[in-house]
Every structure is written in C-alpha cells, then in structure tokens.
Amino acid sequence: MMTNPNGIVTQGQFSFLPPLTDTQITAQIKYALSRGWALSVEYTDDPHPRNTYWEMFGAPMFDLKDPAGILMEVNNCRKTFPNHYIRVMAFSSVRGVESPTMSYIVNRPKNEPGFGLVRQETDGRNIRYTIHSYATDKPEGERY
Amino acid sequence: MTDKIDIQALLEESHINEVLDALDKNLVGLVPVKQRIREIAAYLLITKARLQLGIEAAKPSLHMCFTGNPGTGKTTVALKMAEMLHRLGYIRQNHVISVTRDDLVGQYIGHTAPKTKEVIKKAMGGVLFIDEAYYLYKPENERDYGQESIEILLQTMENHRDDLVVILAGYQDRMGTFFKSNPGLSSRIAHHIDFPDYNEDELLQITKLMSDAMHYNLDTNASKAMQEYIQRRKQQPHFANARSIRNALDRARLRQANRLFNDAIQNKKHATAADLSLITEADIRASRVFTNHKITDNKTG
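These protein sequences, in sequence, are chains A and B. Residue numbers for the first sequence follow this note's numbering, beginning at 1 and rising by one. Residue numbers for the second sequence follow this note's numbering, beginning at 1 and rising by one.
Keep in mind the hints are simulated off the structure, nothing from the lab. Everything numeric in this text was worked out from a predicted model, so none of it was measured. Here a beta-carbon is modelled for each residue, glycine too, at the ideal position from N, C-alpha and C. Mixed in with the good hints there might be a few duds.
[Said to hold, decoys possible] Partial list, derived from the structure: chain B residues whose beta carbon lies under 8 Å from chain A: (1) LYS121; (2) LYS122; (3) MET124; (4) GLY126.
If we strip away everything but chain A, and leave its shape as in the complex, we get (with noise of 0.2 Å):
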C-alpha cells in the first residue's frame, strides 16, 4: 500500500519536500545550466513508478542559457495539464549519449489516490504482489 507520510508519490529529487516554488525551481534549472546540461518538461497521469518514459512537454532545450525560457515552458506545461504529474529533467551529455542527470517534479494532482496491492495466486499457492495504482482504472486523461 505504498503509502507515506505526505500520502503523495515520492519520485526523483525533493519529492520528499514540500513542493518547490518558482524561485527553488530557477535556482534548481541554473544550477543544471551551470554545468551545461539540457533540460526538459516532461508529464504523465500514470504515477506507476516503473513508468519512466513520460510525454515530453516540447523538445529538449538544448541551447537555453537562461533559467526563464524554461521556467515558462514549466508553466506553460502547468497551464496545459494543471492535474498532471509534471517533472524537470535535465541530461548531461559527458557520456556522449544525453543521460539524465536530474528530475524532480514540479507539480501534481491535487488529490493522489495512491496504490493498491495487488495479490496473484500461482501455482502452489505461492502469491505474487505488485501495485495497482487506482488513478489508472480510468482511461488516459481521464484519470485526475
């Protein structure tokens, strides 16, 4: 029952925190430009945690120097899903392949119903479990 003490998903950086503000988020988009990262918005109404490839919001900003071009793709994003999860990543491409350095969301459903466990009978009686998150009963877009 994957629950926690804030009752909401705990993904990438500072999901522990209370949500970042605009200004922590220019802080957190300048660091990553400082060392020469990419950044990009990506968001998804499928919290389950093995959902690592969410909808990009907009290519990647590779040439950005500025905090504030991306800030406002981060809220032009809110603006579009305003119940979605939202999250920033930023990719290093040191390794010669864009790999991702940093992600951390930036916005959320209001109201997160969490997961359930799902219990499978197999042979011998043996029970295999995995999580259901309820938001995904309903259909994509539909589900906050």
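Chain A is already provided as a structure; the job is to place chain B on it using the hints.
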C-alpha cells in the same frame, strides 16, 4: 539601512563607463545616438539607485526601437546596449539573439506560435534583437501569420519584462507605418532611437577604422580615390552606409590580392609585408562605381 547611496561607487562597480568610452571610440559619428545612450545609461543608473533605496518599486521598461537606414550601426549599438544593460544588472545574460521575420513567423497555421516562443525562450535573460521588424506586419495580406507573432511578442514584452529586453530595428518610415498599425507595440517601447546617415567625412573615417582593423593601409592617393568613391556611391541606389564601405574594402582587397598575384607570376617580384597590406589607388579606381554604367543591384563595388 541608510537613505544615502554612493552613485560614484555604483558607477564604478558596474564599469559602465568603459562601455560608453568604447562606444565613443569605435563608433564614428552618430552623435545623437551616443547622446541618447548616455542619457539612458544615466537614467538606468539612477533608477538602480532608487530601486536600492526602495523609492522605485518596479523595474523600468527597457524595450527599444532603433530606426535608421541600413549600415548605420543598429546591430553594433544593440550589442553594446546589451553589454551595458548586463553590467547594470538589468539583464542576466550578456547575449543578443538577432532574428528576422523568417525566424519568428511560420509557413502554415499553427507553426508561428511555437516558432516565436522558441526564439523568445532562447533570448530569455538577454536581448532579443528583431531586425527589419516592420516585415512582421504585412497589411496587404490579412491572413499573414505575422500578426500572431506580434501578439505573442507583445504578451511576452509585458509579462516577462524582467527577463527579456526586445529591441526592434528597421527603416524609419516603414517602422512608422508598422507602429501606426500596431499601437500596442509602440506604447510598450520606452526608447526610440533614430540613427542618422553618415556624412562623407564620417564614411572616410569609417574606411580608415575598418582597414586598420583588417590590417590594411590606404596610401594618400587611395584615400583620395576612396573619398571620390564615397561621393559617387552615395548617389547610387542601395547605398548602405558603413556596410557599403565594408563591401568596397572587401572588393579592393580582392583586387589587391589579384594584383600581387599577377606581379609575382609575371614579373617574379617578391612582396614585402608592406606590399601585402597596401591598398593602392588602382585597387579602388577599378570599381564599377567609377565607370559610368548605371548600376541597379546592390552588389556593386
């Protein structure tokens, strides 16, 4: 918290005088422009002091419009302006993103907004320089997508005043019509700066500056020829002030290279360093401007 502020210290820490001095030294003529920039610099410095003392609450609007004929130094001044604003702390990045209509306006429905936003995102924190801004608005085509771009720009200029400074540039008369049809844009621009044309003496001075920068010398006769060239070139269409001078010099360099090349092959002459950097009268007089053919395109030399 004191209610006194040391303007001298503010001036020194921003090193803004260096920018203004460089502007004076590297730009020939343009006296009214330099005057206006000094005024703006002083105003911004005082506003900064007022902000620090809490008299002023909001940052001033910094959007500008540069009008003037081609080759009068609008882009050069925009770069200096960005440096100045950066040093005074009004913009966070010392970068100028220079765009024209093609970078902002899309080809089909729904293409313009993302394109404009992309450019704005890139320019955030610095200066967005829109060259030939009047092209954005095409009154003869009511389905033109330029209007959409203007609306997005307007919105950004208002909502992201702290993040972005927009400088529009273009010919004066066309910019006049442009602003008349977009009154919202005109009222959001705090500073209109007009760039006058250069006179002949100033153009000759520019020639000197440019050839020095390229490490070339013009001898006395070549300078005289250049003077005559400027007089003639000014009468012809598509005269683009300093840019025409640059083009003329580039072509003179070509001819000089050709002359040295032929000398070396035919007369087996060795060239000295002085020869290599000398532009002679002949190099300039070979220009088509000195022949009496009527020239209509701007690729004249």
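Okay, the hints, checked on the actual structure:
1. LYS121: holds (4 Å)
2. LYS122: This interface hint holds because 6 Å falls under the 8 Å limit.
3. MET124: This hint holds: B:MET124 lies near chain A, its Cβ roughly 4 Å from the closest one there, short of 8 Å.
4. GLY126: Holds - the Cβ of B:GLY126 comes within 8 Å of chain A, reaching about 7 Å at its closest.
Hint check: no violations occur; every hint is consistent with the structure.
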